[in-house]
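Construct all of the structure, not just a fragment, from the sequences and the given hints.
As you go down the protein sequences, you meet chains A and B in turn.
Per the working numbering, the very first residue in the first sequence carries number 1; after that it's consecutive.
Per the working numbering, the very first residue in the second sequence carries number 1; after that it's consecutive.
No lab work stands behind these hints, which were simulated from the structure alone.
It cannot be assumed that every hint is accurate.
Unchecked claim - Covered stretches of chain B (chain A as the covering partner; in silico rule of three or more C-beta atoms under 8 Å from a C-beta of chain A): (1) 319-326; (2) 334-342; (3) 355-365.
Bear in mind the structure is a predicted one, so any value in this text is a computation, not a measurement.
Backbone N, C-alpha and C define an ideal beta-carbon position, used for all residues, glycine too.
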Amino acid sequence: MRIRFVRRMGVSAAAKLLLRFAAVVLALLTGALFIRLIGFSPAQIYAGMVKGVTGSTISVRETVKIAAPLCVTALGLAVAFRMRFWNIGGEGQMTVGAIAASYIALFHADLPQPLLIVLMSAASIIAAGFYGFIPAWFNARFGTNETLFTLMLNYIAIYVVQYLREGPWKNPKDMGYPKIAMFAANAQLPKVLGVHIGWIIALALAVLVFVYMRYTKQGYELTVVGESSNTARYAGMPVRRIIIRTAIISAALCGLAGMMKAAGADRTLTDGVAGGIGFTAITVSWLSELNPIAIVVVSLLFSALEKGAGYVQSTYKISSSAAAVLQGIILFFVLGSEFFIRRRIVLGHLHDKA
Amino acid sequence: MIEAPSVPRLQTINLTKSFGELRACDGVSVNVNAGEILALLGENGSGKTTLVNMVAGLYKPDGGEVRVSGAPVAIHSPTDARRYGIGMIHQHFKLVEVFTAIENICLGMPRESTRRGLMARTLAFIEKYGLGVPLDMKAYRMSVAQKQTVEILKALVRGADILILDEPTAVLTPQESEKLFDILRKMKEAGCAIIIITHKLAEVMELSDRVSILRAGRNVGEFATAKTNPRELTERMVGRKVDLSIERVHAQKRPLLTLEDVSYAHAGVKLLDGVSFDVSGGEILGVAGVAGSGQKQLCEAIAGLTGITSGSIRLLGEELAHLSPREIYDRGVRLGFIPEDRLGMGLVGSMDVTDNILLREYRTQRGGFIRRKPVRRKAMTLVSDLAVVPPDINRAVSQLSGGNLQKVLLGRELMQSPQLLVTSYVVRGLDVNSSYTIYDLLNDRKKNGVGALFIGEDLDVLLELCDRILVMCAGRVTGILDAKHATRAQIGLLMTGSEAV
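Structure (structure tokens):
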């Protein structure tokens, strides 16, 4: 008996839903086993996770706060992924965006808040856009591998923050402890319904990106380039320009997310400003099949998981690694269900295709 | 029915296979004897490939029986098929690209068979059938014909004496096809039973002993090749009377495209070497030549996809050399191009008919947004005018059959009202009906004063359809002949590089 995986086409919406539901159930069961093994009550922990996310207005707000930059980064990456440009430099682009915004926040805090926020946003978009331009230009000009290029740029950005923290931007009031100063109240994102306005920006951008991809010439062009650059050339599209333009847009969105994280959540600049969001966003982006509206929902679910795990960790004194394992188990099953949505298991011999 | 001399080497009895609603094979019975070549003829979607895939163990039949030398067998996998001596040469080769020929042949063989032993057997087959291929060449460096040879060797070394070839000549030049036929004839004489799937009638007549015809998943006729003719076969295949002659319409000619001394070198290799010719409006200029003689570069140079090293390309007085496709369009010159690689260049496979038409249309729309509504109307017109099946403008074009795909591509290019049409292997892989639809479309445009450059591989088609035939060899034009008086032999000679006198 052999086990084989066969790709399948045209899975009905109902079957997809059923598979995903099954995945969640299996994840919860496996997670329960794990919780039991480390000596806790699964029911209690799960209830705790739900409570951590929806238990109070504050916890809902916290979840949304985590979701906003994740969503914007995932939107940015989706634009590049649609062109089959593997931008895995979300971390770096977020960080560079945050650095640029922090410069304005730290040294021009005397400006009125609306102007200051607009300037910070613009700075983050421009700086990150440039950071995305570099690998795109090399890719379009010399055919360099954008995956490695964007990945490496992540580290440069993070080390630049460390340099700024140890040197030029070190806060003298922190008595030798290397830290960058907190942003002035002026330079922090204002709140709407108790959460910084990043969440409104994220929702607006989701609609914007959806329209851009589906209804603009540029969105059409980048999709064609992603499918086949030969076809794009055949149709007379300026392929290099499209690659560079798209990468800049992708990076600029990530940069804006970095600004949101620094000015909205952290209220300062740290080397952990991206903190893995740039990588998580890759998963969010693909899990949403690059659909901007789905990205909003998926990033909320991801953030809920994160928040819930964080809550049980602090409430039930579960170690942080155990909470991470629990998070991993759930993710594993959900991602796994995507594998089975696209493929079918065939036992034994090779049969017909469905 | 023809009396089989003895028990057939391979026989299918009432094989049936459905895919969902579709009955791909509906009780198909064919047989092939040792020392015989059976041609399996049928239009796209008639069930040929499904039938042989069942025999090769790739599909499981819903009903019916396969017999090898008279004994019923159950074939559940390619391994089973191999055990009964059945070897299949697929249309798309399944070689490991980074392995050499011999490594590919040895791959997956039982451990007890030593490499040296396999080598000896391989060499014996090469000797016996004239299967020339460098055994230490890596697959990715091989030509298509060489890869095919390796596939045949693979099957033979695995002990196959029942060989099934799925459209083996679709990817070969006339010369390579001839070579393959020689090999197949030798194998037949050595006692192999061979089934060849094709829809090229000339090949059926030339190579096969018997023809079995399928239509819509059913047997619709079996003939001894010697006692039939292409017309009878075609009528059986398409199910109605057809006129096999290609019309050569006559149209008013006017100067259109002129190439003067066009050369193009890439990495030190001259791919186009002093090419000069002209095409008039109302004329179809055929281009013959062994694949890779510079046809692709010629088309792409005219369409503005590759630059040229020297020379001039003028269309209606506009110099096109060194212009990009966009610049050519902006000069107001309308040029339709059907590239050889339909899905990799002409169309976007994952997009629907509407979005593929948009490929040419989107730039003419104003502003930064795309309006799909007018394009959708055009897509409906295209789909109904050219009878695209299924007539669904929202279906990804990669799901269309080859003929329908080509209709979409050609239809879109004709929508631009081109003054010049450049078509590269436009009927490759298409069945008879689709091919004739395409010829009709070309002739129709020709009557309206459109000039066409028709890169072809079937010399008979070139001779019948075109006004003049240009022959290329190694990037040079070796002759331009009047199609009315040219012969196959003449063209063949020019294809090998001897200049016209």
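How the hints compare with the structure:
1. 319-326: Our answer is that it holds, as 3 residues pass the Cβ test (under 8 Å) against chain A, meeting three.
2. 334-342: holds (count 3)
3. 355-365: holds (count 7)
Hint violations for this structure: none, all hints satisfied.
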